[in-house]
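Undergrad: Going down the list, the sequences are from chains A and B. Heads up: the first sequence runs through residues 1 to 409, numbered per this note's numbering. Heads up: the second sequence runs through residues 1001 to 1235, numbered per this note's numbering.
The hints are simulated quantities; they were obtained by calculation from the structure and are not laboratory data. Glycine included, every Cβ here is placed at the ideal spot set by N, Cα and C. Watch out, some of these pointers could steer you wrong.
Listed next, the stretches of chain B that the computed footprint assigns to chain A, with coverage defined by at least 3 CB atoms under 8 angstroms from CB atoms of chain A [as the list claims (entries may be wrong)]: (1) 1036-1045; (2) 1049-1061; (3) 1177-1186.
The following label-pair restraints were derived from C-beta to C-beta distances [claimed, not checked]: (4) 264/A <-> 1120/B: 39 to 49 angstroms; (5) 1198/B <-> 395/A: 57 to 67 angstroms; (6) 348/A <-> 1122/B: 21 to 31 angstroms; (7) 1127/B <-> 282/A: 54 to 64 angstroms; (8) 380/A <-> 1181/B: 53 to 63 angstroms.
Some, not all, of what chain B presents toward chain A, calculated at C-beta under 8 angstroms [unchecked claim]: (9) 1081; (10) 1087; (11) 1093; (12) 1115; (13) 1117; (14) 1142; (15) 1144.
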Amino acid sequence: MPFELLIALRYLREGRAQTWLILVGVGVGVAVIIFLSGLIGGLQKSLVARTLGSQAHVVVRPREELPRLLPTHGGAIVESLMERPAQRVRSIVQWQHRLADIERIDGVTTAAPSISGAAMAVRGDGANAVTVRGIEPGSYGRIVNLDSLIVRGRLDLDGFKAVIGTELAHELGLDVGNRFRLRVGTEQEGGTSGVYTVSGIFDIGNKDLNARWVFVSLRVAQSMFGLEGGASTIEVKGERIYDAELIAQQINGSTGLVADSWMKSNAQLLTGLRSQNSSSVMIQVFVILAVALGIASVLAVSVVQKSREIGILRATGTRRAQILRIFLIQGSIVGLLGSAVGIVLGVGLNVFFSRIIQNPDGSATFPVMFDSVLYLRSAALAIGVGLVAAIIPARRAARMDPARIIRSG
Amino acid sequence: MTDTPATLLRLSGVTKDYGSRVITHVLRGIDLEVTAGEFLALTGPSGSGKTTLLNIIGLLDRPTAGRLEFRGADVAQLDETETTAARGRGIGFVFQFHHLLPAFSARENVMLPLLADRGRRDREMQERADELLDEVGLADRASFRATDLSGGQQQRVALARSLVMRPPLVLADEPTGNLDSESGNQVFQMLRDFNERHRTAFIIVTHDDRLAARCDRVVHLVDGQVESDTRQGAT
Ligand SMILES: Nc1ncnc2c1ncn2[C@@H]1O[C@H](COP(=O)(O)OP(=O)(O)OP(=O)(O)O)[C@@H](O)[C@H]1O
Ligand SMILES: [Mg+2]
């Protein structure tokens, strides 16, 4: 064991109460950081996951203004105010080629064609405005895992089958196997209508979408909106969710199509997440500052207490740089051990809170993230803070005058 | 033995002043030459500058003026690192108040200068420490913590520590000052034995005339000046 480490460890061990106090201090600081980061990280991750559970990362559509899906905050989607009954759903020109182009873009994992159009769902006396979503279950399933959202029946869009949300099912009194009518346009304008069988009912975690979305096969939607062989939107999924805006810009640049990322469509959510992040960063900075001051003051006291021994060490051949290192090492060790205490404490707090505070259905309100990168980073941070905090006391120790100390006995 | 003993240490016109507004002239022109293997007593009344002189010779302090040569090298030319190295390897210290590190065992205290010099622990330094502890009669106390030893035992550990680098010169500031006459005698005899066995030069500050009488040479300081420098027949 190196000389400096040996001395540093012995001094810490000898420090007892002082060492314990500072370890607990660093530990509490690190625990706060871990707990906060875990909590906020988990919360944000689940918010984003819930948002992206029903949305593609990027939605591509033709340049022209069309009655379109205008997703707003919280994942809710409402139709554009510009929608007029006469407006027709339009296809992306040569969408197969565009889709292939998009899939070649770096960071894009998969893309799927779809058709979105307004319709009325009618059963008996009831009639609800809905958004018909024409998809290929295979390709669309790689973007939104619809299968996992089905709560009754199954995802089957063969022929004139449709999958509807729980809310629509409730409002129209529909269940798996029941039939209902989908009408596009008004009869005066020569609108079309057809009868569909409910094959499955989904719960997307959003009441509005559960009332609005009706999934049919792409082919059925094509004929429903008079778009034989067409697709009105291309839905895109990327490797990293936060690259979506970048990908959207690239798509727009290379194809000229309008491409909206989920980040743009959910700007308010993102702003919220960001301000949450910055306030958590602020808290962490102050915690780190408090920890650093704690370490520095404990070490400063220890330097004064140890001045006699520092004099002996210096008189018996210990170099200034070695004395400096002895105290820097003490700071780092306090950081290292303190962060170990803090990680245990922080994880414990996270687990405790996620167990205690639960939703009525028993799921955790605070989904906690266990993030080894976060732990390693916190440990590295604590060691760094310990090291920096030790600089002033260590320099003071190294500058001590051995002659004076030895004389005073 | 050798015909003309080599000069180990040469001081010429060394002065030391303390203070900036009110200046105290603690040392006023010390000329002193110490040869290898010498056993020298430094005496003088309290406040005459003995500890100050010892600190300057031990490279813990710098003279205000004058020249200090250690083993032929002008010490004033050395920087901090070189000074520490010269002190670590060339000079052993036994302090008036047995200065041991309380958190360490007797063996570790003895090893300390070697540890600082080599950077990490090795077998050889442990053996050397044990040998020295054996020589000062503390083989059975090697793993005792410094604070669990008696005053005389602590001073013997300090003596072993001062010798572990095999320095040509050991400076001892009233090594027996805090001890009863019995253990004081014992420690003094050990210094003498080491001096004879290893030809290590000793400069011993003492107030005890009987101990001074047992040294080869007595340098008497008064008011920061050498008042007398007498060589006497051994023991
Ligand atoms: N750092 C200092 N600043 C001012 N004066 C000092 C300082 N160190 C020592 N002195 C003065 O120098 C003088 C000599 O002190 P020194 O310790 O060398 O005496 P000494 O001969 O060792 O005395 P003693 O026998 O009591 O140990 C004293 O008058 C002391 O007050
Ligand atoms: Mg003195």
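Undergrad: Now look at each hint and say whether the structure bears it out.
TA: Structure-based check of each hint:
{"no.": "1", "hint": "1036-1045", "result": "violated (count 0)"}
{"no.": "2", "hint": "1049-1061", "result": "holds (count 5)"}
{"no.": "3", "hint": "1177-1186", "result": "violated (count 0)"}
{"no.": "4", "hint": "264/A <-> 1120/B: 39 to 49 angstroms", "result": "violated (60 angstroms)"}
{"no.": "5", "hint": "1198/B <-> 395/A: 57 to 67 angstroms", "result": "violated (38 angstroms)"}
{"no.": "6", "hint": "348/A <-> 1122/B: 21 to 31 angstroms", "result": "violated (43 angstroms)"}
{"no.": "7", "hint": "1127/B <-> 282/A: 54 to 64 angstroms", "result": "holds (58 angstroms)"}
{"no.": "8", "hint": "380/A <-> 1181/B: 53 to 63 angstroms", "result": "holds (60 angstroms)"}
{"no.": "9", "hint": "1081", "result": "holds (6 angstroms)"}
{"no.": "10", "hint": "1087", "result": "holds (6 angstroms)"}
{"no.": "11", "hint": "1093", "result": "holds (5 angstroms)"}
{"no.": "12", "hint": "1115", "result": "holds (5 angstroms)"}
{"no.": "13", "hint": "1117", "result": "holds (6 angstroms)"}
{"no.": "14", "hint": "1142", "result": "violated (17 angstroms)"}
{"no.": "15", "hint": "1144", "result": "violated (15 angstroms)"}
Taken one by one, the earlier hints fail for this structure at numbers 1, 3, 4, 5, 6, 14 and 15, listed in ascending order.
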